[in-house]
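There are 2 protein chains.
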Amino acid sequence: MKKSIVLAALLFGGITVFAQTKDEQALKDIYKSSLTNAKCYPWLEHLSNTIGSRLSGSTGADKAVLYTKAQLETLGLDKVYLQEVMVPKWVRGEKEIAYLQVGKQKITFPICALGGSVATPKKGLQAPILEVNSLEELTALGEAKVKGKIIFFNRPMNPEFIETFKAYGSCVDQRSSGAREAGKLGALAVIVRSMNLRLDDLPHTGATNYGDIAKEQRIPAAAISTNGAELLSKSLKQNPSASLYFKQSCETFDDVLSYNVVGEITGSEHPERIMVVGGHLDSWDLGDGSHDDGAGCVQSMEVLNIFKNIGYKPKNTLRVVLFMNEENGVRGGKEYETQSNKNNENHIFALESDSGGFSPRGFSIEADEANFNKISSWSTLFEPYLIHKFVKGHSGVDIGPLQSNHIVKVGLQPDSQRYFDYHHAANDTFDAVNKRELELGAAAMASLLYLMDQNGIAK
Amino acid sequence: MKKSIVLAALLFGGITVFAQTKDEQALKDIYKSSLTNAKCYPWLEHLSNTIGSRLSGSTGADKAVLYTKAQLETLGLDKVYLQEVMVPKWVRGEKEIAYLQVGKQKITFPICALGGSVATPKKGLQAPILEVNSLEELTALGEAKVKGKIIFFNRPMNPEFIETFKAYGSCVDQRSSGAREAGKLGALAVIVRSMNLRLDDLPHTGATNYGDIAKEQRIPAAAISTNGAELLSKSLKQNPSASLYFKQSCETFDDVLSYNVVGEITGSEHPERIMVVGGHLDSWDLGDGSHDDGAGCVQSMEVLNIFKNIGYKPKNTLRVVLFMNEENGVRGGKEYETQSNKNNENHIFALESDSGGFSPRGFSIEADEANFNKISSWSTLFEPYLIHKFVKGHSGVDIGPLQSNHIVKVGLQPDSQRYFDYHHAANDTFDAVNKRELELGAAAMASLLYLMDQNGIAK
Chain P
1 MKKSIVLAAL LFGGITVFAQ TKDEQALKDI YKSSLTNAKC YPWLEHLSNT
51 IGSRLSGSTG ADKAVLYTKA QLETLGLDKV YLQEVMVPKW VRGEKEIAYL
101 QVGKQKITFP ICALGGSVAT PKKGLQAPIL EVNSLEELTA LGEAKVKGKI
151 IFFNRPMNPE FIETFKAYGS CVDQRSSGAR EAGKLGALAV IVRSMNLRLD
201 DLPHTGATNY GDIAKEQRIP AAAISTNGAE LLSKSLKQNP SASLYFKQSC
251 ETFDDVLSYN VVGEITGSEH PERIMVVGGH LDSWDLGDGS HDDGAGCVQS
301 MEVLNIFKNI GYKPKNTLRV VLFMNEENGV RGGKEYETQS NKNNENHIFA
351 LESDSGGFSP RGFSIEADEA NFNKISSWST LFEPYLIHKF VKGHSGVDIG
401 PLQSNHIVKV GLQPDSQRYF DYHHAANDTF DAVNKRELEL GAAAMASLLY
451 LMDQNGIAK
Chain E
1 MKKSIVLAAL LFGGITVFAQ TKDEQALKDI YKSSLTNAKC YPWLEHLSNT
51 IGSRLSGSTG ADKAVLYTKA QLETLGLDKV YLQEVMVPKW VRGEKEIAYL
101 QVGKQKITFP ICALGGSVAT PKKGLQAPIL EVNSLEELTA LGEAKVKGKI
151 IFFNRPMNPE FIETFKAYGS CVDQRSSGAR EAGKLGALAV IVRSMNLRLD
201 DLPHTGATNY GDIAKEQRIP AAAISTNGAE LLSKSLKQNP SASLYFKQSC
251 ETFDDVLSYN VVGEITGSEH PERIMVVGGH LDSWDLGDGS HDDGAGCVQS
301 MEVLNIFKNI GYKPKNTLRV VLFMNEENGV RGGKEYETQS NKNNENHIFA
351 LESDSGGFSP RGFSIEADEA NFNKISSWST LFEPYLIHKF VKGHSGVDIG
401 PLQSNHIVKV GLQPDSQRYF DYHHAANDTF DAVNKRELEL GAAAMASLLY
451 LMDQNGIAK
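Quick note, the sequences are listed as chains P and E, same order. Going letter by letter, the first sequence gives residues 1 to 459 in UniProt numbering. Going letter by letter, the second sequence gives residues 1 to 459 in UniProt numbering.
There's no promise every hint is true.
Since the list gives no way to pick out one identical chain from another, each pair is judged satisfied if it fits inside one copy or across any two copies.
[What the hints assert, rightly or not] Each computed DSBU-like pair below joins lysine-lysine, with the alpha-carbon atoms no more than 30 Å apart:
1. K32 - K95
2. K166 - K389
3. K95 - K106
4. K28 - K166
5. K32 - K234
6. K342 - K145
7. K39 - K234
8. K95 - K184
9. K106 - K22
10. K79 - K308
11. K392 - K28
12. K237 - K32
13. K374 - K389
To be clear, the hints were calculated from the coordinates, so they are not data collected in a lab.
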């Protein structure tokens with residue numbers, strides 16, 4: 001028995017060593033391709049600087065669909081196509097205005113309408129303003145104190161969280177639900193402190209959600225820059241009875257036709273098993289969405305470019321999907337799932353990049369225990385590439401709707417410290433993205449897809 | 001015997017758990033202090049935006065000495081003082097000019113004199129130009145081909161290295177030794193491609209070293225931007241006989257008096273055992289040295305501020321040293337070591353931050369096996385703070401001269417991807433530093449110093 005154990009150990013050890021060496025070489029090839037021969041950075045340059053912002057239903061979004069489809073067509077994939085999806089069309093209109101009226105003095109603030117918000121009356125809106133720090137505080141104040149007021153949500157993101165997404169998650173309810181809840185209590189409008197950890201002058205937009213409140217009962221919602229929020233709060237302490245004037249002319253139109261952009265390399269052994277890699281092609285309208293999520297789109301496209309460059313033919317079908325409308329509806333992600341069900345497709349793996357184009361640190365994994373352990377066991381392969389984080393957690397909004405018993409879903413986790421400096425703001429532009437960091441992210445994604453493809457899904 | 005093992009295991013386990021909990025709490029306190037109550041970012045803002053560049057011997061360097069000493073004096077330390085050190089004084093002079101003369105056309109290039117370089121003749125210098133990729137290639141060409149030429153060193157940093165410092169290390173010989181070696185072969189001057197991984201229009205300075213070549217035999221050396229190098233190389237292929245004109249008026253003066261800035265908290269148990277934390281206060285003259293190494297200075301000062309804030313009294317003496325003249329002489333580091341020897345000081349630990357103020361990733365450790373293992377064993381404590389790299393390697397230039405049998409030396413390793421976008425160039429400015437990343441670096445440094453102080457040096 002001892003002999004057979006030794007033999008098994010030798011054999012097993014031998015196989016492991018061989019597999020390691022092959023995988024190690026593949027990752028080397030992948031990183032070399034991405035760092036010396038990538039297209040993702042020039043792709044992003046075009047998306048950001050030539051096309052610009054890509055809000056669902058905008059000309060920019062239309063151009064981005066055509067451009068990325070045309071670029072995928074240059075890669076020699078087996079299929080490139082568009083998938084129809086109806087999307088909301090919300091337009092910001094004129095530059096928003098806000099000031100605090102203190103006697104004859106006007107103190108102005110940088111604001112922007114929140115995505116999906118209704119407009120103020122054409123001449124604007126002026127009312128006393130009430131600062132609160134949470135939805136709970138609002139509810140406790142009740143209708144008597146809230147009615148007729150503009151509610152100012154001013155809870156900052158908590159800097160004590162090491163990962164900024166946790167600070168965002170514990171703060172964003174003010175933006176997403178503030179207008180709905182304040183409206184129920186008779187407020188006239190809400191102003192929300194921008195989801196930004198640093199103090200600056202840029203208001204950050206993002207979706208606000210009225211739920212099932214009737215259109216005519218919805219109240220306008222705007223974001224104020226963090227410096228603006230500090231100044232407004234201070235001014236209100238000095239002048240509690242001051243009134244705020246603000247004006248925005250945003251508008252929601254009928255839904256319009258748009259597209260998810262899809263390209264694929266058919267699997268050489270299991271063409272029916274699908275691995276998805278993607279990001280979302282739409283962006284908010286203030287910057288050009290370079291980090292959110294131009295970066296994720298071009299990184300996903302780059303994965304296929306890398307495989308073509310290094311001559312790797314995946315066993316399973318590898319499909320890139322550039323989802324439309326993550327920001328204000330997730331219609332692309334939902335439609336993709338609907339069509340997938342209709343066609344009885346078998347998705348085994350989905351990987352999304354939607355946390356910015358910063359230095360990659362690891363992966364956030366939604367999987368059963370066996371698959372989580374399998375992926376984590378590859379950490380030594382990733383060590384030379386400074387990828388060290390393998391944690392359980394949320395993968396991505398666009399791949400969220402994809403559900404099956406066996407699917408493994410993963411989100412790329414880049415360094416998060418700078419993300420909310422740019423998120424949904426006018427400075428989310430091409431110059432904020434570093435070429436190498438973008439390419440390292442694409443290589444980490446390609447490496448994980450390679451390992452998944454080679455070593456399969458634990459059952 | 002079994003019982004005693006179980007008992008020992010329980011006791012040992014218990015002690016470990018207790019120690020972990022105490023250390024875990026200390027790291028929590030340290031990070032909270034740094035992320036909510038730090039002074040390092042406003043300190044850097046002043047150093048960068050009010051004082052500006054701090055080349056050894058400049059007014060900026062003098063102001064920085066006075067400013068940081070005054071700031072240390074506000075922290076309630078046990079000692080704050082200046083340590084005299086004589087430093088070189090090199091001055092850039094007028095903006096440098098370079099163009100390629102192709103017939104009647106002049107193609108201009110962004111250049112800057114390398115630190116320590118001699119000037120061209122007052123009217124400039126014009127000569128045929130010869131491109132090489134390495135010192136070896138230069139030597140192989142020999143005097144016959146080199147004499148009377150301007151040598152253009154154009155080997156780019158290799159993007160395949162995952163860590164950019166490795167790419168720098170394998171490339172910087174062109175800058176540091178190019179002029180010396182080309183001069184020996186009769187070249188008239190050298191132009192060196194900037195040590196920058198990206199293509200842009202900024203020339204990056206840095207020290208060039210003539211060795212023991214007599215002053216009158218030294219030839220001028222300048223850096224050219226990466227875009228400039230690409231254009232120059234292409235132009236030379238089209239016009240091999242074109243000549244390059246360039247002019248620079250830099251000058252070296254007599255050494256002047258400057259200072260290392262020192263502050264300390266006397267150890268409560270072992271005042272004679274010294275732990276040093278530091279960075280270098282001087283910078284190059286083109287930007288304001290925010291990453292190199294304003295960041296390291298204010299992070300080092302912040303370590304003492306954190307300990308004061310959380311009420312931690314180190315057992316060993318904790319000394320912050322802001323070294324003068326790292327960039328072109330390391331006189332501060334050498335003088336510190338000389339004085340330390342003269343005073344029979346006992347340094348047990350030195351930690352330097354001189355790799356930029358980016359997201360911290362880990363530590364580069366110079367220590368014997370036992371100490372390396374001890375420090376590495378703390379990695380689980382650092383895991384919640386995304387510090388994952390504990391590797392053997394170079395610690396820091398300024399603490400380099402400190403040598404003793406038992407000293408452990410460590411360098412903070414931030415994410416390196418963006419560092420050479422800014423290094424020694426005009427864009428190394430305050431806006432390139434993120435507040436949280438800077439603070440996280442300071443917290444990582446304070447955490448390591450705390451653990452060293454508590455858990456001692458393995459013997």
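Verification of the hints:
1. K32 - K95: Classified as neither: same-chain Cα gap 45 Å, cross-chain 39 Å, threshold 30 Å.
2. K166 - K389: both (16 Å within a copy, 23 Å between copies)
3. K95 - K106: within (18 Å within a copy, 46 Å between copies)
4. K28 - K166: Intra 33 Å, inter 16 Å, cutoff 30 Å: inter-copy only.
5. K32 - K234: This pair counts as between: shortest inter-copy Cα distance 25 Å, intra-copy 53 Å.
6. K342 - K145: Cα proximity of K342 and K145: none, with 51 Å in one copy and 73 Å across.
7. K39 - K234: between (48 Å within a copy, 22 Å between copies)
8. K95 - K184: within (27 Å within a copy, 65 Å between copies)
9. K106 - K22: So K106 and K22 fail the 30 Å test inside a copy (68 Å) and across (53 Å) alike.
10. K79 - K308: within (14 Å within a copy, 63 Å between copies)
11. K392 - K28: Classified as both; 26 Å inside a copy, 22 Å across copies.
12. K237 - K32: This pair counts as between: shortest inter-copy Cα distance 28 Å, intra-copy 57 Å.
13. K374 - K389: The answer is both: 14 Å in one copy and 22 Å across copies each meet 30 Å.
In this structure, the hints that do not hold are numbers 1, 6, 9, in rising order.
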